[in-house]
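Undergrad: Given next are the chains, with one letter for each unit.
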Amino acid sequence: MYKRILLATDGSEHSKRAAENALTIGKCNSDSKMEIVYVIDHDKVKSDVLSNWNTAEIGDKHKSRLKGIEQMAIDSEVNYETKILHGEPGPAIVEYANKNHFDVVVIGSRGLNGLQEFVLGSVSHKVAKRANCPVLIVK
Amino acid sequence: MEGFSYKNEWFGNIKGDILSGIVVALALIPEAIAFSIIAGVDPMVGLYASFTIAVTIAFVGGRPGMISAATGAMALLFIDLVADHGLEYLLAATIVTGVIQILFGVFKLARYMKFIPRSVMIGFVNALAIMIFTSQLPHFEGEGCIVYALVGLTLAIIYLFPYLTKAVPSTLVAIVLVTALSIFMNYGIRTVGDMGAISQTLPVFLLPQIPLSFETLAIIFPYSIALAIVGLLESLLTASIVDDMTDSDSNKNVESRGQGIANIITGFFGGMAGCAMIGQSVINVKSGGRGRLSALVAGVFLMFLIVVLGNIVIQIPMAALAGVMIMVSISTFDWNSIRTLHLIPRTDALVMVVTVLTVVFTHNLAIGVFTGILLSAVFFVSKISNIKVDSKLEGSHRTYFVKGELFFASVTDLLAKFDFKEKVKSVDIELSRTHIWDDSAVAAVDKIVSKFEENNIIVTVKGLNEDSTELVNKLANKLGSH
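Heads up: the protein sequence lines correspond to chains A and B, in order. According to the numbering used here, the first sequence is numbered sequentially starting from 1. According to the numbering used here, the second sequence is numbered sequentially starting from 1.
Because the hints were derived from the structure by calculation, they are not lab data. For glycine and all other residues, C-beta sits at the position ideal for the given N, C-alpha and C. Mixed in with the good hints, there may be bad ones.
Straight-line distance between alpha carbons at most 30 Å, and here's what the computed DSS-like set of lysine-lysine pairs gives [to be verified]:
#: 1; chain 1: A; residue 1: Lys27; chain 2: A; residue 2: Lys126
#: 2; chain 1: A; residue 1: Lys99; chain 2: B; residue 2: Lys114
#: 3; chain 1: A; residue 1: Lys44; chain 2: B; residue 2: Lys166
#: 4; chain 1: B; residue 1: Lys474; chain 2: B; residue 2: Lys403
Restraint-style ranges between C-beta atoms, simulated for each label pair [unchecked claim]:
#: 5; chain 1: B; residue 1: Val308; chain 2: A; residue 2: Asn132; range: 26 to 34 Å
#: 6; chain 1: B; residue 1: Ile14; chain 2: A; residue 2: Asn79; range: 33 to 41 Å
#: 7; chain 1: B; residue 1: Phe304; chain 2: A; residue 2: Ser122; range: 44 to 52 Å
#: 8; chain 1: B; residue 1: Leu206; chain 2: A; residue 2: Asn100; range: 37 to 45 Å
#: 9; chain 1: B; residue 1: Lys403; chain 2: A; residue 2: Asn52; range: 24 to 32 Å
#: 10; chain 1: A; residue 1: Arg4; chain 2: B; residue 2: Phe304; range: 32 to 40 Å
#: 11; chain 1: B; residue 1: Ala156; chain 2: A; residue 2: Asn79; range: 27 to 35 Å
#: 12; chain 1: A; residue 1: Asn79; chain 2: B; residue 2: Ile312; range: 30 to 38 Å
#: 13; chain 1: B; residue 1: Val168; chain 2: A; residue 2: Cys133; range: 46 to 54 Å
Construct the complete structure from the given sequences, taking the supplied hints into account.
TA: Following this line, the structure appears as structure tokens:
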């Protein structure tokens, strides 16, 4: 029944587990399609770049952070597309999900940085509250 | 291919670039004026600089979508130069800064910026934020409640207006409303006009009026070096931020060269040295700007507004500008670094704090960065110079296991860990988990060997890795076992 699946990810371990679940749903239907979205938060880019200044990730394309999840989709033979969104993660995911009439949104329960989330509030919570379709939050 | 992509960088996003360029131009005006006032020059010096730098960078920059203009980081560096020697020396220093930055680009030194430790970078932006904030305090001295109230009003509009609409930059709305209010109520408070003249003319090419002598160079060169380094630091940081926001790459060496060309041209057209601006570049990308066209539009539209609206600009109260600058300092500060201060290694936190304090006391970002790098290097050396020696006794034979990096800073510790007087017949020194880096280390191993031999103990050195063996062979031939 879930043909259009939206997987929201930030490349973290939690979102990999979310990907596994999204793919399980995707495999139920041969004509299902999964969209992997990644949100670039413009207000956090400065502190992101600063806090990753000397680490290996600096200069990495955001898209390359999706490589692992893309590979998982290829291995499970689920049709997928990747999409980079810009803006504040919660609202950006909600807007994209509602505008494109997805059947289900799959999202990890927490992101890369537990501390930031504690301060700024949870993205998955916002999505669950405001999306017009079922939302699967993966722990 | 190259030609196609350059054309695409110009015309790939015409509508978005024009709109975002206009937004940036509006946001640039108050900052360009305020930074001129910080530096102690006429507002026109910063406005001309913002025009020429933005326009030049549009053509020769390495990061499309990034906005460069007169900046606070640079203005803070040449306050003394202007105060002691005047504007003409600043223009000359700006040109020399450009030359240094071009050399930086030509010799591809941009990648070494990545060697600047993270905590120094964070200290840099935090110090910059604090300096911009403190530079505004003189505007409050001896002023009445009206000024405080207007600064508060400016900040309130800046932070609350976005809840109404995000189509117009809230700083502009704040400036317009507060200026209108102060003209209407006739408060008689200080305005931009009191700080210097605004001429409604385009900049013209002029040679700085300075004696071309060695003494002149001796005066301006230290400033130029500091300006070149700080300018590139902020530009390359901004370029990385724009890379991240747009998920695309940029050429940092082209950008270094571009910053240099822009500063040379700016110096000849009566503008002060500048660099890329984090805040404005973020505004540009958020407003839809991606290409070179956005920087060109920002520069040209800014000049157009000054030529047309110069009379109104001089009536902007200083209180409104101070409000904008306080906002700039708040958004420049990396608040995340405070939230995570207790999580990062203590030495990193200390480097960050020392960088900030050095800048606050010396009023010089370049000295702060240099101190931070030096301190990080000292911490790094002391961290990796921790050497561990375990040993094992079997009958009258003892084996020493050395673990860690062997170099000038760790050899003193190393010597103390051997017992040369012990009653044993033979000793093995196992070096497979260590690395010999320099001649101090070779000499130390030599000394250990000879000290054991003095006590008639047979020494065997074992397990040197390949690099270390090569160095040892080059420097000495006393290590018997190899």
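Undergrad: Does each hint fit the structure? Answer for all of them.
TA: To see whether the hints hold, each was checked on the structure:
no.: 1; hint: Lys27/A x Lys126/A; in the structure: holds (27 Å)
no.: 2; hint: Lys99/A x Lys114/B; in the structure: violated (41 Å)
no.: 3; hint: Lys44/A x Lys166/B; in the structure: holds (18 Å)
no.: 4; hint: Lys474/B x Lys403/B; in the structure: holds (23 Å)
no.: 5; hint: Val308/B x Asn132/A: 26 to 34 Å; in the structure: violated (48 Å)
no.: 6; hint: Ile14/B x Asn79/A: 33 to 41 Å; in the structure: holds (34 Å)
no.: 7; hint: Phe304/B x Ser122/A: 44 to 52 Å; in the structure: holds (46 Å)
no.: 8; hint: Leu206/B x Asn100/A: 37 to 45 Å; in the structure: violated (57 Å)
no.: 9; hint: Lys403/B x Asn52/A: 24 to 32 Å; in the structure: holds (31 Å)
no.: 10; hint: Arg4/A x Phe304/B: 32 to 40 Å; in the structure: violated (48 Å)
no.: 11; hint: Ala156/B x Asn79/A: 27 to 35 Å; in the structure: violated (51 Å)
no.: 12; hint: Asn79/A x Ile312/B: 30 to 38 Å; in the structure: violated (58 Å)
no.: 13; hint: Val168/B x Cys133/A: 46 to 54 Å; in the structure: violated (34 Å)
The earlier numbered hints that this structure contradicts are 2, 5, 8, 10, 11, 12 and 13.
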